[in-house]
Structures are given as structure tokens and as C-alpha cells.
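Visitor: Using the sequences provided together with the hints, build the complete structure.
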Amino acid sequence: MKFVFIGLILAVAIAARVLLYRRRQRRKATGVVGQGGPASVGEQEPQREHRRLSSALSGVLGDAGLVAKREIRERVRGRIFRIGTVVILLAVGAAIVIPAVGKGSSAPAQKVAIVGTDGSGVSSLLGEAAARVGTKVDVVPEASLASAKSALRSGAVDIVVDGDRRVLVNGPLDSNNTASQTSALAQSVAAALGIAQAYRAAGLTPGQVAQLSQARPVPVQSLQPTTKSTVKTTSVIGLVLLFLMLTQYNTWIMTGVMQEKASRVVEVLLAAVRPLQLLGGKVLGIGLVAMGQAALIVVFALVVAAAVGSDILHGTAPLVLASELLWLVLGYAFYCWVYAAAGSMAERQDQVQTLALPLTLPIVVAYVLAITAASSGSANLFFEVLAYLPPTAPFAMPVLVGLDLVSWWQFVISVALAIGGTVCVALLAERVYRRAVLRSGQRVRLHELRDRRQTRPAAP
Amino acid sequence: MPSLLELEGLRRTYGSLTALDGLSFSVPSGHVVGFLGPNGAGKTTAMRAIFGLTDLDAGSVRWNGSPVRQAERRRFGYMPEERGLYPGMLVGEQLEYLGRLHGLSAPAAAAAARAWLDRLDIGDRMESKVETLSHGNQQRVQLAAALVHEPELLVLDEPLAGLDPAGIDAIGQVLVDQARAGCCVLFSSHQLDLVEDLCEQVTIIDHGRLVVSGTVDELATSGARRLVVRVEGDRDAAFAGGIPGVAVSEVSAGQARLILDGSVDSDTVLRAAMTAGRVTEFSFERRRLSEVFREAVA
Chain E
1 MKFVFIGLIL
11 AVAIAARVLL
21 YRRRQRRKAT
31 GVVGQGGPAS
41 VGEQEPQREH
51 RRLSSALSGV
61 LGDAGLVAKR
71 EIRERVRGRI
81 FRIGTVVILL
91 AVGAAIVIPA
101 VGKGSSAPAQ
111 KVAIVGTDGS
121 GVSSLLGEAA
131 ARVGTKVDVV
141 PEASLASAKS
151 ALRSGAVDIV
161 VDGDRRVLVN
171 GPLDSNNTAS
181 QTSALAQSVA
191 AALGIAQAYR
201 AAGLTPGQVA
211 QLSQARPVPV
221 QSLQPTTKST
231 VKTTSVIGLV
241 LLFLMLTQYN
251 TWIMTGVMQE
261 KASRVVEVLL
271 AAVRPLQLLG
281 GKVLGIGLVA
291 MGQAALIVVF
301 ALVVAAAVGS
311 DILHGTAPLV
321 LASELLWLVL
331 GYAFYCWVYA
341 AAGSMAERQD
351 QVQTLALPLT
361 LPIVVAYVLA
371 ITAASSGSAN
381 LFFEVLAYLP
391 PTAPFAMPVL
401 VGLDLVSWWQ
411 FVISVALAIG
421 GTVCVALLAE
431 RVYRRAVLRS
441 GQRVRLHELR
451 DRRQTRPAAP
Chain V
461 MPSLLELEGL
471 RRTYGSLTAL
481 DGLSFSVPSG
491 HVVGFLGPNG
501 AGKTTAMRAI
511 FGLTDLDAGS
521 VRWNGSPVRQ
531 AERRRFGYMP
541 EERGLYPGML
551 VGEQLEYLGR
561 LHGLSAPAAA
571 AAARAWLDRL
581 DIGDRMESKV
591 ETLSHGNQQR
601 VQLAAALVHE
611 PELLVLDEPL
621 AGLDPAGIDA
631 IGQVLVDQAR
641 AGCCVLFSSH
651 QLDLVEDLCE
661 QVTIIDHGRL
671 VVSGTVDELA
681 TSGARRLVVR
691 VEGDRDAAFA
701 GGIPGVAVSE
711 VSAGQARLIL
721 DGSVDSDTVL
731 RAAMTAGRVT
741 EFSFERRRLS
751 EVFREAVA
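So the sequence lines, in the order shown, correspond to chains E and V. Take the first sequence: its position 316, counting from 1, is numbered 316 in our numbering, and each next residue is one higher. Just add 460 to wherever you are in the second sequence, counting from 1, and you've got our numbering.
It should be emphasised that the hints constitute simulated quantities derived from the structure, not laboratory data. Predicted model only: the values in this text are computed from it and were never measured. Some clues are possibly wrong.
Between beta-carbon pairs, the in silico distance windows are [claimed, not checked]:
1. V:G475 to E:V368: 39 to 49 Å
2. V:A568 to E:A295: 28 to 38 Å
3. V:L464 to E:L244: 51 to 61 Å
4. E:V368 to V:A518: 46 to 56 Å
5. V:P498 to E:R77: 36 to 46 Å
6. E:I98 to V:G548: 35 to 45 Å
7. V:G548 to E:D350: 16 to 26 Å
8. E:V303 to V:P567: 33 to 43 Å
9. V:G548 to E:L244: 22 to 32 Å
C-beta: ideal position from N, C-alpha, C; glycine also.
Guide: See below:
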């Protein structure tokens, strides 16, 4: 069943790729035919989509909406974005599918020899006993105890059941050793046979004994609903994705602003729109693309997890995922302004890299500490403080949620602080952007921006 | 009512450098106005000031008597000295985008983009990325970007630089047509012959100050009158030496350039020339714009 789901998902992914490829080919073809003439039907379709989005965005946000719409179109159209999305989806799919499938297939069927004729219904008990320890059995009839022992020594069988009297294994016998599937099965079979013996001694018929052996345990629910390892896995996967996405989207913002400055198109744009509209539109557009991609990944992860029965849907793991998604939004909102301001101070790729290094530092530090805390399952006071600081909260707070170390009001305080910090950073970044983006020639330094009379567009 | 752009007392300093020093001039609609000055005179700073792209220490920019704000700027078109387009964006989409930022609806922006590209003979590059175009065609796209929203004021910083003669003719004709249609057109250039051909009016600045302003005719005929005379038998224009108020500025291959002060009657000069020999050339000479420019910024 799992493989059917996986196959279905792969088929959908391949179909989507083929569809996109064919659409691109069609657009290319119509582009050639349509040169110099009126827009062809093939061109009108995507234009209509863009116009719907445009009218929605520009209707609400005016010029910033138009800027955002352009950003969305250019980003989504980019080959790097599309390939990157597919690669991330494949990686996430693999991270979920491999452990889940591996878990199911890690228990090969145990070969169990039954000595003599199965007069006591042993084989019917074996299946139930095997299911209890999460394995399967292949029953091998043996004519005599001697031949069964011989097969056991040679490794041809894993367990020998001598009638309903005893169970033989080849390895060292350790009642506490539950790690071995064979040992666990042997103990489970022994217990089942003992109970069956007791039933018979109490006067039950073999049919009644068989019926009782099929008794199912009632479900057990814990007030600590999930194992820490599941949350840990979910938390670490989420943190890795959070780190990758946050750095990727912020780099988009930074290079986008830098390229507008380097190509001097910013001068044409600022002749018509205010700096805040331009910057806000860019941040919004890239942010929407980012959130779209993140939502796609999360939905994909949940669908795959449901298909293969992964543990990430159990316990508090979905809460951790939701928290990480929220903090991706808040983290992006905070850092995008910082990176935009930095981008406005550069006009070459090497300058961007120099500027990006110190900005990435708090992200990297928070990420490493968060991974450490998530892996160890504990957080110290310093880490808990980081969960309230806007630059580090996007990594620290989801880990605390996963470890169940925060209450809802602490979470709300952290979110409020992040929003407040974002507003302050946005105001500061807009000032830096306004003053730096029209200064060309060399990298702008922060102290040069203190003089308000340096080149900058005047506020209307 | 004709539109009018007024720059009044613009002042802008960068540290110890004075880019604009009380610059004032105006640009009426219906005319192509050439904006001239040596490198570093403040032309680009003045043009950027119109669009609020530089802070002013003093002075104001007014449009039809009112201060220029964002709403007015959306009706202006600007072509900066350092060209600005998205290199990886399709030409048609880029123009539509800029048209929309200047207030056009989506269909109107698309139609205007196509119309301007056709007009500038690059309609077949609508689906091309800007970076794949030649320098000349990128320049045409840049001009289309300034024109796509049918601006009331067109400000172009060195629009003709680096163009071949066909490109200069095409863009020059567009500027003249825009002015004829009632647009205010202000453009800077160092190609003075082209400015003389295209412009009705010229403004020359130097060191951030206005030096000369007027129509091309006024400037060409202002100052001392100039005569070009060729007399057979008097290749050195010796006849002119005897006329009070006449000076010989240049003699070359039998052709003499004479400068007459206000008191001299040109008939007197003609009679003296005829006395000296057979007159084969006798004409008033207009001052070339390059001469006006050199005198103004000397």
C-alpha cells in the first residue's frame, strides 16, 4: 500500500514536470509566431493569471503590489527556483519515506521449526505471538527433535518449538535481551504456549484455546503522547529546512536589491514610486513565493508521511512543524529587511558576500544551538533566553515547543517581541535603503549614511 | 494651457563640492530644450532633482506652478544617464511593468509597450530579454520605458550617446514629435551639432549655475554680426582693414570671416569689397552652437 502511495506521488510529480515542460515549449513556439503581431492565445493564458494576481495585489497595495507581482513572476519563472523546489521535495520525501519503509522491512520473517505433528494448534499461536513483537514467521515442519536441533545449529531455522513443551533457540538465552527479534519472538511464543497449556489444564477445548489466543490487547494511551525521538527527528528536519529556507530567501532579497542597484533600474523605478513601496513590494513578493514554497513542502511532507505511516504525524510533532512554519514567516519578516538594507549598500556579488557574512552569523549560531538542544532533548537558560530575542527566536522557540518547555503565553510573548523587533528593523532598513541605493561607485559604508544630505530620494 | 517646468534656485552640495549653485531655468511645453554644460556642470544632479532622486539644500522644482510630488512624477518620463533596465526581464513585460508603475491599466500598458516598440523599430524584440539586445536597441528600449505612459514631461540624460546615425535620427524624431504633441522635452547632450538640429531652445550651465539660455536662433544671431566674404584678387581681405568697426577674425583659402560692431553698415563693407575686386561670396554667418557653448563656459 505504501508503495502505491509513493508511486502515486511520483506519478503526480512527473506529470507536473511534463505539463510545465510542454507549457514552456508552447510558450516558446507562440513567442516566435507572435513576434511583431498581436498576442497569441498561448501568451494570453499566463497573462490572464498574472493579471488576476496583479489586480488583487495592486488593488490592495497599489505600487507595492505591482512590485510584488513582478517579483513573484520572475522568481517562479526561474529555472533555479523550480529545480530547487523539486530537489527539496525529493529530499524531504526521502527523509520521511526511508525511515518509515526501512522500519517495516527491517524485520525479516523468522523461520520456526515445529517438531512432529501440530496437534496442539501451535502454528496458529505463532502468528499471534509474532505479531505482538512486530515480526513474521515462516513455519518449517520437522519430523524429529534431532533434525530440528540440527537445522537450528546450522542456522536453517531460528527457533524450534518442541510440541507445546518448550522452545529452543541457538543464541545465548537472556530474558532481558529484547533487542533481538529471535529472542523476543521465542519469549513471546513461550508465553503463548504456556498460557495455552494453562487453558487446556483448565479444561478448555483446543477451539476455545485458539479463540482466546486471538484476544487483542486494548489500546494504551499515555499522557506523554509521543516518544522524544519522534519529536527530535521532526524538530531537526524542520530546523534544517528552516535554516535553508531562511538563508535562501534572504539571499534572494539581498541579491535582488543589489542587482536593481547595479543595473541602475532602481533610478528609473524610484522616479515613479517611493522607496518604501519598492522595498515593501520586493519583500512581500519574495515572501509570498517563499511561503508558497514552504507550504508546498509542508503539505507534501504531510501527505507523504500519511501515505507511508510516518511517525511525524503523531504526538506533538505536527505542533512542532506548525510552530516551525510560523517561525519561518516571522524569521523571514525580521531578516528580510536587514538583508535588503545590506543589499542596497552593495553593487557587486563579492560585496554582497562580504556583507552577508556578519548577517548570517546570528542565524548560524541560533541554528547550531537549536540543533544541539533538539538532539539532546534539553535546553539551558541561555537557550531559553535566545527564544525571546527576535534574531534567534525563529530557531530556539520551535525547539522549546518540541521539548514542551514553554506555555502558550510565553510563546505569544516571543511572537510579540519578534513582531516588534521586525517593525523597528523595517524602519531602520528603509532609511538605510533610501540613502544607500542611489549611491553608486563603491560599497556604501554605514557611517557614510549618517549624513542625511548624501544622495537620496527626497520624500515627496 | 501650456505646461511649464520651473527649476528655481536649486542648490546642492556634496561635502566641499557644489553641484548646483542656485540654478534656475524653465522648460515650456511644445519645445525640445537642450540642456548643455561641460562634464561636472551639474546637469545630471539637476535632472535627478526633478525626480526627487537627490536631496536639495535649497530651491524648488515646480510643475505648472505647483511643487512636484509623486503624483506629478508619475506623469513624467525619465531616461537616466546610466541606463536602468532589468537585464533578464523580457522587453515587453518590462515596459508594461514600468507603464503600470506610472499609472496605466494593464491592457493600456501592454498596448503602449507594443506601440512604442513598433514605433522604434524593435517590435520584434518584445519577447527578448534586454541583455540579449545590442547597445543601440537597449537604448531604444530605455527611451520606450520613458515614453510608455505618454508623459507630460520627458527628461533624458544623454539619450543620443553611443548611437549610430540611424538611431540618432529615430530617437531625435521621436523627441521632436513629442514636443509637437505638447510634451515638455529636456535632454542633455555633448553632441552640440545634434542639439542645434533638434532643439528650439538651449540652456547652458556651468559650475551649477545658469550661464546662457535662449532659443537657438537668438543665440546664433546674438553678439557681434559675422560676415563671410570672398573677393577675387584680395585673398587676405585687406580691404576690410580700412573700414572702422570691422575686424578680420580668420582668413582661410581666400575666405575671410569679418566681425562687425554695431555701428558698421554691412552695405559699406560690400561696397569696399566690390572696390577691391570681384565678390564671389558675401553672407552673414550664424554663430554655431559650439561657439556659443565655448564662449559661455570659457
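Visitor: Indicate, hint by hint, whether the structure satisfies it.
Guide: Hints, one by one, checked against the model:
V:G475 and E:V368 have their C-beta atoms about 44 Å apart, which keeps the hinted 39 to 49 Å range intact. Checked against the given bound of 28 to 38 Å, the beta carbons of V:A568 and E:A295, roughly 34 Å apart, stay inside it. For V:L464 paired with E:L244, a C-beta distance near 57 Å keeps the hint of 51 to 61 Å intact. Roughly 54 Å separates the CB atoms of E:V368 and V:A518, a value that falls within the hinted 46 to 56 Å.
Between V:P498 and E:R77, the C-beta spacing of about 45 Å keeps the proposed range 36 to 46 Å intact. Against the hinted window of 35 to 45 Å, the Cβ-Cβ separation of E:I98 and V:G548 comes to about 38 Å, which satisfies the hint. For V:G548 and E:D350, the hinted distance range of 16 to 26 Å is satisfied, since their beta carbons lie about 20 Å from each other. E:V303 and V:P567 have their C-beta atoms about 40 Å apart, which keeps the hinted 33 to 43 Å range intact.
Distance hint check for V:G548 and E:L244: the Cβ-Cβ separation is about 24 Å, which falls inside the suggested range of 22 to 32 Å.
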